[in-house]
Amino acid sequence: MTKKTKKAKQSELTDSGLIDITKKKFRWSEYLAEKIIKGTAFLSITIIVLIFFFVFRESMPIFSTAKATAKTEAAMENQAEQETYGDVTDKPKVEDTQETYGEVKDVSATADSTSEAYSVSAGSGFDDNQTALKSILTKDWVPVSQKPRYGIFSLIIGTFKVTIISMLFAAPLAIMAALYTASFAGKRLKEIIKPTIEMLAGFPSVVIGFFALMVMATFLQEIFHYDTRLNSFVGGIAMGIAAIPIIFTITEDALTAVPKTFKEASLALGASKWQTAFFVILPAATPGIFAAVLLGIGRVFGETMIALMATGNAAQMDLNPFTSVRTLAATIGAEMAEVVFGDTHYNVLFLIGSLLFIFTFILNAIAEFYVKGKLMKRIQGK
Amino acid sequence: MIKSFKRNIKGILIEGMTLSAALLIIAIVVVMVTVIVIGGKDQISWEFLTSFPEDGMTKGGIFPAIYGTALLVIIMSVAAVPFGTITAIYLTEYAKENSIIAKTIRFAVRTLAVIPSIIYGLFGLGFFIKFVGTNVDNTFLGGHLKWGQPNILWASLTMALLTLPVVIVSVEEALKTVPRDLRAASLALGATKWQTIWKVVIPGSISGIMTGTILAVSRGAGEVAPILFTGVAYYVATLPTSFSDQFMVLGYHIYVMTTQSANVDKTMPIQFGTTLVLLALTFILNISAIILRYRIRKKKTD
Amino acid sequence: MIHEKIHTENMFLHYGSKLALNDISIQIPEKKVTAFIGPSGCGKSTFLRSLNRMNDLIDGVKIEGKILIDGINIYDNNIDVVTLRKKVGMVFQKSNPFAKSIYENVAYGPRINGVKDKKQLDEIVETALQNAAIWTEVKDRLGDSAMGLSGGQQQRLCIARTLAVNPEIVLMDEPASALDPLSTSKIEELIVQLKEKYTIVIVTHNMQQAARISDLTAFFYLGELIEFDKTKKIFTNPDKKQTEDYITGRFG
Ligand SMILES: Nc1ncnc2c1ncn2[C@@H]1O[C@H](COP(=O)(O)OP(=O)(O)OP(=O)(O)O)[C@@H](O)[C@H]1O
Ligand SMILES: [Mg+2]
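Protein chains in written order, with the numbering used here: chain A, 1270 to 1651; chain B, 349 to 650; chain C, 3 to 254.
Incorrect hints may have been included.
Pairs of lysine-lysine, DSSO-like flavour, derived with a Cα cap of 27 Å [unchecked claim]:
no.: 1; chain 1: B; residue 1: K541; chain 2: A; residue 2: K1304
no.: 2; chain 1: B; residue 1: K524; chain 2: A; residue 2: K1641
no.: 3; chain 1: A; residue 1: K1463; chain 2: B; residue 2: K646
Residues of chain A clear of chain C, computed beta-carbon distances all greater than 12 Å [claimed, not checked]:
no.: 4; residue: I1305
no.: 5; residue: L1319
no.: 6; residue: P1417
no.: 7; residue: F1429
no.: 8; residue: F1438
no.: 9; residue: T1487
no.: 10; residue: R1498
no.: 11; residue: P1528
no.: 12; residue: K1532
no.: 13; residue: S1535
no.: 14; residue: A1553
no.: 15; residue: T1592
no.: 16; residue: A1606
no.: 17; residue: V1609
no.: 18; residue: D1612
One side of the interface only, derived from the structure: several residues of chain C facing chain A at Cβ under 7 Å [stated by the list, open to error]:
no.: 19; residue: N80
no.: 20; residue: I81
no.: 21; residue: T85
no.: 22; residue: K89
It is worth saying that the hints were derived from the structure and are not from the lab. Note that beta-carbon positions come from the ideal geometry of N, C-alpha and C, so glycine has one too.
Input sequences plus hints: build the corresponding full structure.
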């Protein structure tokens, strides 16, 4: 077939040669492939937007009730013109008044919002949500009770406590190890250190949590003699172990990315190896190291399984490293499976999730843009 | 003289300190592995790997957990690998290196990589179960509750989102190792862009796609937080046979056995055994990924 | 009269803001070997790449002026670039076979053109390999990986791969620069044979090579076409002093 057509073309060979290039072909497969690939690539962005949207959406009812309250208040003010109110609704009068009555009571209860406000536990979603919103900024986390309270302060404090402990442990360790690997280590040692770190990065957090719970907790208790076996210290160290690979890898990348000329110049000036490492390479890599620590913090902040297994999970609010804590992530992990979908408790857990999401998002954004900005400056400056 | 001696001391101190940091990390890893291997090795037997839990999980094996884990990572890969690969292809083949779109996508990918896994769990619950599932139930099943609850499909898809960046990053790295020359050769033969990608670029980066898949599988096999409330179950007497079934996985099994079981001491050997199985699984996967990646990088420098 | 295959008029090419080709006007005849010579960086490859629009792949390339092939401006809007590249094939400096078998390398072009029939493919592959003077060396191992061939064989395989698409013009960018003398002479012989069927444009740094195989020679310098004439004339009695200096090695 093709041969024939070609021959036919050949016979009418003109100036344009054998192959005609002037007919722009529309290639369906090409067009589709490009569109599909492009569309799929946007998936990553879409997912982030969706996560943002859906995690927030499920926490929204708390706030929307706040709006409902405002409406009720407005309604109450309008109560003088009773007919208007009655006109708007088509419901039977009795029910109508009942409802109004309920709402009024509701508002009056929140109006004198002392600690008494919590006692409005009639069980209706409205009451519950209002008190929930009020109680969020307190320190009592008692979600399952006659009068549930959702104070996330103690959870936030607990999370920060664990995060700080883990960073105090992991950051220096990982950074020093990275400095050693980048500046001092021979080839052999490098070939042991790097795969080991990579292996550690592959450890499931539930395995690290298991190790912390079964072995480390007892071991550390014997050294430090504290009372509660599982506490923020044990949890912090365990999460630190989980964060080491991240900090190490990014730091090491930053250190090795320092231009060779820096190093050579320093050595040429008579500085020794360690001086070069410490006073030239390390400072040049600070933005990268900063980013490494930020991402390490992000990792620990949202760590769930280790927190569930090793921190003791009691929402206490103090600054003692050896007391049990309950972190934000662990709270979601532990309680979400037991809540009623759509319940206030459920919404509050999603609210906590939103907080975690925003926090890690910001950390990552800072790490990205700060580092990029700094590096650009450095490149342009020199 | 004295000055240089002081200098030396400092140098030795610093080198020693950084070395000990590196050694300490290695020691931690070695201790963890050793403890888990010693604690779990007597438990491992064909029986343990292939039988169901018995007596309220105080005896018997972990077969359903292994099976569930395998099923989870398979469904997950089927979803994550094509999407991740296509995204990587877009970034290397279609997008201009410094275009805003490419930058935004890269930022999104890195953000996805740092979002805590528990958030994925929340998303899975809010999106797959409560939004998609419930709507499917209401529109197609007349409100009969089937998809609007946790199951293996939703759990796997949630995990797929979590592992998407892992795939994208590995595949992108591999695509970049395919020489420009080969793309040029193909185009100069009158191949279209897509033909070039399909016949030259993708075959040239198969090992990278495999690395990405293995790393994603390893990650997915070990993560628990995303599936806590999207499909995993404490105990199910039968293996999952449909997408709408709940299932068991190794990681969650470890978690429940250590924290929720009535008799933690009695089940200690099972806990160690299960942990060893999970660790060995992720270890083997990671090693193969490391080796594969090492080969790819070597090819690049050749 | 000899038919003009390639014709450019007042052609300029910029890489971003850098001028790489400055006012090139040239007429290249059909079924002849035309050689491009000139010092490194003078724009030979750039010019070659613009003849089958491989420059489209490079960001920031701007082209002005006319480039006509068979009287048609190949930068016009209605040009199908994919078809253009079938018509104007290219052999690169560094041999770049695909990591496939010898057979699949040659069959690649026909396959993407939709040739599926096994017999027809076999035929095309054999003809192409014969035309590229490598058939006898590989006919017993068509299924082996192309990566196992020697450098010279790989380059001839790449030529076969280009020929299998049945182009009208073959552009060669220093096709023999990375090869040993024996392989080089084989490729030179091959080029001389090929001009019976194809219009050939070849970039070379090897003056003797240009003199041996080409009918016409163009001398480029700093992005400009200094002189273009019969090879004999260029090498014996060039009009321009720069050309003479370059050819006699008295350059710079
Ligand atoms: N992709 C590119 N981007 C920017 N400038 C380029 C690019 N490719 C080539 N150039 C520049 O254009 C000019 C011509 O380059 P070209 O490769 O065409 O020279 P050449 O004559 O083929 O040299 P050689 O003999 O070394 O191959 C050079 O100055 C080169 O630096
Ligand atoms: Mg060149």
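For each hint, the structure was consulted:
At most 27 Å may separate the alpha-carbon atoms for a hinted pair to count; K541/B and K1304/A meet this at roughly 13 Å. Restraint check: the Cα-Cα separation between K524/B and K1641/A comes to about 22 Å, which is no more than 27 Å; the hinted pair holds. Distance check on the hinted pair: K1463/A and K646/B sit about 16 Å apart at the alpha-carbon level, within 27 Å; holds. Taking the minimum C-beta to C-beta distance to chain C, about 20 Å, the non-interface status of I1305/A holds against the 12 Å cut.
Distance to chain C confirms L1319/A as a non-interface residue, since its nearest Cβ pair spans about 33 Å, more than 12 Å. Distance check for P1417/A against chain C: the nearest CB is about 60 Å away, which clears 12 Å, and the non-interface claim stands. Annotated as non-interface, F1429/A keeps its C-beta farther than 12 Å from every C-beta of chain C; the closest such distance is 47 Å. At the 12 Å boundary, the C-beta of F1438/A stays outside the reach of chain C, the nearest C-beta of that chain being 47 Å off.
The Cβ of T1487/A sits about 55 Å from the closest Cβ of chain C, beyond the 12 Å cut-off, so the non-interface label holds. With 12 Å as the threshold on Cβ separation, the claim that R1498/A sits away from chain C holds: the shortest Cβ distance comes to roughly 58 Å. Non-interface call for P1528/A relative to chain C: holds, since the shortest CB-CB distance, roughly 25 Å, exceeds 12 Å. Against the 12 Å criterion, K1532/A stays outside the reach of chain C, whose nearest CB is about 32 Å from its own CB.
With a minimum CB-CB distance of about 36 Å to chain C, S1535/A clears the 12 Å threshold, and the non-interface call stands. The Cβ of A1553/A lies farther than 12 Å from every Cβ of chain C, with a closest approach of about 30 Å, so its non-interface assignment holds. Separation of T1592/A from chain C is adequate, the least Cβ-Cβ distance of about 59 Å exceeding the 12 Å criterion. At the 12 Å boundary, the C-beta of A1606/A stays outside the reach of chain C, the nearest C-beta of that chain being 50 Å off.
For V1609/A, the condition that its CB be more than 12 Å from all CB atoms of chain C holds, with the nearest at approximately 57 Å. The claim that D1612/A is not at the interface with chain C holds, since no C-beta of that chain comes within 12 Å of its own (minimum 55 Å). Checking N80/C against chain A by beta carbon gives a least distance of about 5 Å; that is within 7 Å, so the hint holds. The restraint placing I81/C at the interface with chain A holds, with a minimum CB-CB distance near 6 Å, inside the 7 Å limit.
With 7 Å as the threshold, the beta carbon of T85/C comes within range of chain A, its nearest partner Cβ sitting at about 5 Å, so the hint holds. This hint holds: K89/C has a C-beta 4 Å from the nearest C-beta of chain A, less than the 7 Å allowed.
Violated hints for the displayed structure: none, as all numbered hints are satisfied.
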